[in-house]
Amino acid sequence: MYDKVIEGVLNKDRRMVARAISLIENNDNGRTKILSEIYPHTGNAYVIGITGAPGAGKSSLVDCLLSTLRQQGLSVGVIAVDPTSPFTGGAILGDRIRMQEHALDKEVFIRSMGTRGSLGGLSRATKEAVQVLDAAGKDVIIIETVGVGQSEVDIIKYADTTIVVLTPAGGDSVQTIKAGIMEIADIFIVNKSDLPGADRTASEISMMLDLGGSLREWRPSIVRTITLDGSGITDMHKAIFEHRDFLENSGHLQKVRKERIRRDIIDLIEYRIKSTVWEQISGSEEFDLLTNQIMSRETDPYTAAAQILTGINLDKCKV
Amino acid sequence: MNTARKIRVLVAKPGLDGHDRGAKVVARALRDAGMEVVYTGLHQTPEQVVEAAIQEDVDMVGLSILSGAHLTIFPRICELLKENGAEDIMVMGGGIIPDDDMQELLANGHAQALFTPGTVTADIINWIHEAMKDRLS
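For the record, the sequence lines run as chains F and G.
Following the working numbering, the numbering of the first sequence begins with 288 at its first residue and continues without gaps.
Following the working numbering, the numbering of the second sequence begins with 290 at its first residue and continues without gaps.
One thing to keep in mind: the hints can contain errors.
[As the list claims (entries may be wrong)] The calculated SDA-like cross-link candidates involving lysine to any residue, where the alpha carbons are at most 25 Å apart (straight line), are:
1. F:393 with G:364
2. F:299 with G:368
3. F:320 with G:425
4. G:295 with F:525
5. G:295 with F:545
6. F:291 with F:313
7. F:291 with G:375
8. F:393 with G:323
9. F:299 with G:371
10. F:414 with G:323
11. F:393 with G:337
12. F:299 with G:337
13. F:542 with F:407
14. F:291 with G:369
15. F:393 with F:407
16. F:545 with F:603
Because the hints were derived from the structure by calculation, they are not lab data.
Let the sequences and hints guide you as you build the complete structure.
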């Protein structure tokens with residue numbers, strides 16, 4: 288069954304692409320097989336991340352961007368993340384509403400995902416879903432994060448170009464110099480620029496960038512857009528490709544992607560070790576005993592952790 | 290180890306009526322029952338609904354129709370699902386559907402279940418859990 292899915296992904300069969308993402312997202316037994324077999328076919332797509340507060344216009348901007356990318360003849364994948372309920376595990380995935388105009392375009396593939404417990408603005412399987420779309424031959428993949436606050440910055444780990452969407456009247460100038468989301472943008476979009484305060488927001492971002500000085504080689508662009516009438520969309524499109532040219536010509540793209548692979552390997556090692564350790568200690572008598580000893584202050588968690596580790600067999604996580 | 294399997298449902302409003310209160314109530318109820326609900330908004334063509342169902346890899350499509358076009362739209366959606374090799378995606382629906390038409394849609398297999406005004410959301414959830422039993426085990 289997994290062979291059929293893998294073959295389907297590589298042949299751009301929409302049903303199998305969709306199925307592969309589900310299997311991976313659901314932590315199915317075939318997850319590793321699928322991912323490792325499609326891996327040689329990845330690395331060709333350019334990944335754009337769009338983040339910003341709820342209702343800032345992320346989905347509408349993705350819709351506009353889909354139009355300009357398609358005009359250029361590029362095939363596009365979209366992964367739109369919406370929050371999963373921490374109480375019921377359910378989710379309303381509503382980002383598609385703004386993108387349905389492109390639903391019938393065979394060169395566009397849109398997938399909605401729930402965060403399923405992940406807190407950084409993406410879902411746990413977003414990265415893998417990008418790999419599936421990449422292997423299925425998408426030239427550009429757009430990741431739309433959940434509506435974020437100030438510190439959900441996971442998107443920079445996976446996007447080549449990160450776009451932060453702001454709207455006018457989002458607070459005073461101190462907001463722009465805070466750490467977190469204001470630091471991650473390669474491009475700032477001031478959307479809903481027809482509303483009062485757009486000029487001020489744009490100039491405050493600009494002043495913030497002036498303060499930052501020479502920390503980064505790329506000075507983020509600031510683009511004003513109105514998705515309702517399409518104003519500024521070509522500028523946004525242009526800014527993305529300028530940033531891509533910068534990354535390619537400066538050698539940054541190679542550097543960033545290499546760093547990403549190193550982190551992926553470390554993540555995988557961590558995950559394997561963690562599950563192996565957990566398998567061996569959960570329900571073990573030693574674990575229970577030590578917990579009780581720590582409760583009564585006969586020993587401490589640091590000594591106990593060291594003691595448990597000496598008894599762990601890590602051979603299992605090497606296969 | 291299939292621990293994270295979630296029921297995914299597409300809630301869609303095909304056709305020309307603009308009354309989405311019912312669709313939203315159902316979407317919310319399914320969310321609260323732990324399902325992932327993809328909502329595509331108003332005025333969808335059957336082609337858009339089916340394409341979204343495929344890309345989102347949903348288990349089930351829920352159609353809300355209050356325009357009277359149910360005898361056209363349900364069969365068309367089933368036809369398109371079949372053309373795309375996706376007839377395993379179940380179809381349920383709700384709205385203003387006369388009894389006779391309901392019998393016809395169910396008998397022809399153009400809908401697996403229909404829920405008309407007055408339905409308790411728990412009934413819909415129970416039906417989905419029942420229908421999904423085989424796939425989740």
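A quick look at each hint next to the structure:
| no. | hint | verdict |
| --- | --- | --- |
| 1 | F:393 with G:364 | 23 Å, holds |
| 2 | F:299 with G:368 | 23 Å, holds |
| 3 | F:320 with G:425 | 22 Å, holds |
| 4 | G:295 with F:525 | 39 Å, violated |
| 5 | G:295 with F:545 | 34 Å, violated |
| 6 | F:291 with F:313 | 18 Å, holds |
| 7 | F:291 with G:375 | 15 Å, holds |
| 8 | F:393 with G:323 | 31 Å, violated |
| 9 | F:299 with G:371 | 19 Å, holds |
| 10 | F:414 with G:323 | 23 Å, holds |
| 11 | F:393 with G:337 | 12 Å, holds |
| 12 | F:299 with G:337 | 19 Å, holds |
| 13 | F:542 with F:407 | 23 Å, holds |
| 14 | F:291 with G:369 | 22 Å, holds |
| 15 | F:393 with F:407 | 31 Å, violated |
| 16 | F:545 with F:603 | 28 Å, violated |
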